[in-house]
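One line per chain: the protein sequences are A and B, in this order. So the first sequence is numbered by this note's numbering: it starts at 1 and just counts up by one. So the second sequence is numbered by this note's numbering: it starts at 1001 and just counts up by one.
Keep in mind that the hints were calculated from the coordinates and are not lab data. These figures come from a predicted structure and were not determined experimentally. Some clues are possibly wrong.
[Stated by the list, open to error] Going by beta-carbon spacing under 8 Å, a handful of chain A positions derived as facing chain B:
(1) Gly53
(2) Gly101
(3) Ser138
[Claimed, not checked] The calculated DSSO-like cross-link candidates involving lysine-lysine, where the alpha carbons are at most 30 Å apart (straight line), are:
(4) A:Lys115 / B:Lys1135
(5) B:Lys1032 / A:Lys115
(6) A:Lys80 / A:Lys55
Ideal Cβ positions, reconstructed from N, Cα and C, are used throughout, including at glycine.
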Amino acid sequence: MRTAARSVALACVIAAATLAGGCATPASSVAMTATPAASVHQIGSDVSVAVSGGKETASMGASQISDEAFAQALRDSIEKSGLFAKVSSSGARYKLTGFIGKVDQPLMGFSLTVKMEVNYTLVDTQSGTTVWTKDIASEYTAKTGEAFAAVKRMRLANEGAARENIQQAVAAMAALTL
Amino acid sequence: MGIGMLLPILMLSACATNNATKAPDANLSKLKTFYVVRVPEDERGIEKLIAARLTAMGYQSTAGDAPKPAAMVDAIVTYQDRWMWDITMYMIKLDIQIRDGTSGAILAKGEVMRPSLQRKSPEGMVEETLGVIFK
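Excised from the complex, chain A in its bound form (with noise of 0.2 Å):
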């Protein structure tokens, strides 16, 4: 009976180990830098970045991408993309805010694929002016060859749909002639 007792006990923990082992790590905000593919036209003043919708991962839940760290990884991305003259943390000339709407992420697979989509809103603080909104979707899929657990693939294919998105918006803005 107390052999019995002790391997019940012995194989749980076995299976806690495994599980912890296993636990989801959130999305990192290095990971979802995006490096310019082009030099772009910069706009000569500052702008302040703040992010909502994301979401904070719980350990034994999927990764998740949290407003912190998208909001990190925008403000480095404009920084290396040199497209405001500074990237400020509140009173610039320009608030550009991003509403992650949408995560889509599967349960489970071999190949992950995360559909994002994210709402950007540039405003001119000055005068109170919506300059540029747009809706990006972008999507990432994670293969097998990049990680064999399945916690990870779903961290690099949130990972990878968050700078492909922010590759997007900082396109985007390039484009404007403010």
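Dock chain B against the given chain A, drawing on the hints supplied.
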């Protein structure tokens, strides 16, 4: 035996979750007419359930296969339904997006996730998701 009992209970009783978010400055109270776009893969008629629930909530609502309605509406509704099997098929997750009728930009979104032990009918999932969005 404590851990032996605890782990299966934890795994079976994963929590049901629901949440909704609105875009900054989105005003859902202005929306009166809706059009629900059927997902091409959906053969269960979830678009009709969403439209019926919106009608029951007092809105004018239609559904169809076309990505845009024939007549102008205040909002277009899109969704993603996820199903799992556990003795029978059940809807484990439903995401709904409410979009601007003109631009298609997402104004609000809601999601409900219910594991097997806390499963609801598709009608119940639709009701709960729209409930959190229009709360």
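Results for each hint:
1. Gly53: holds, 5 Å
2. Gly101: holds, 3 Å
3. Ser138: Since the shortest Cβ distance to chain B is 14 Å, the answer is violated.
4. A:Lys115 / B:Lys1135: Status holds; Cα separation ~26 Å.
5. B:Lys1032 / A:Lys115: holds, 29 Å
6. A:Lys80 / A:Lys55: Given that 30 Å is the threshold and the Cα spacing comes to 25 Å, the pair holds.
Taken one by one, the earlier hints fail for this structure only at number 3.
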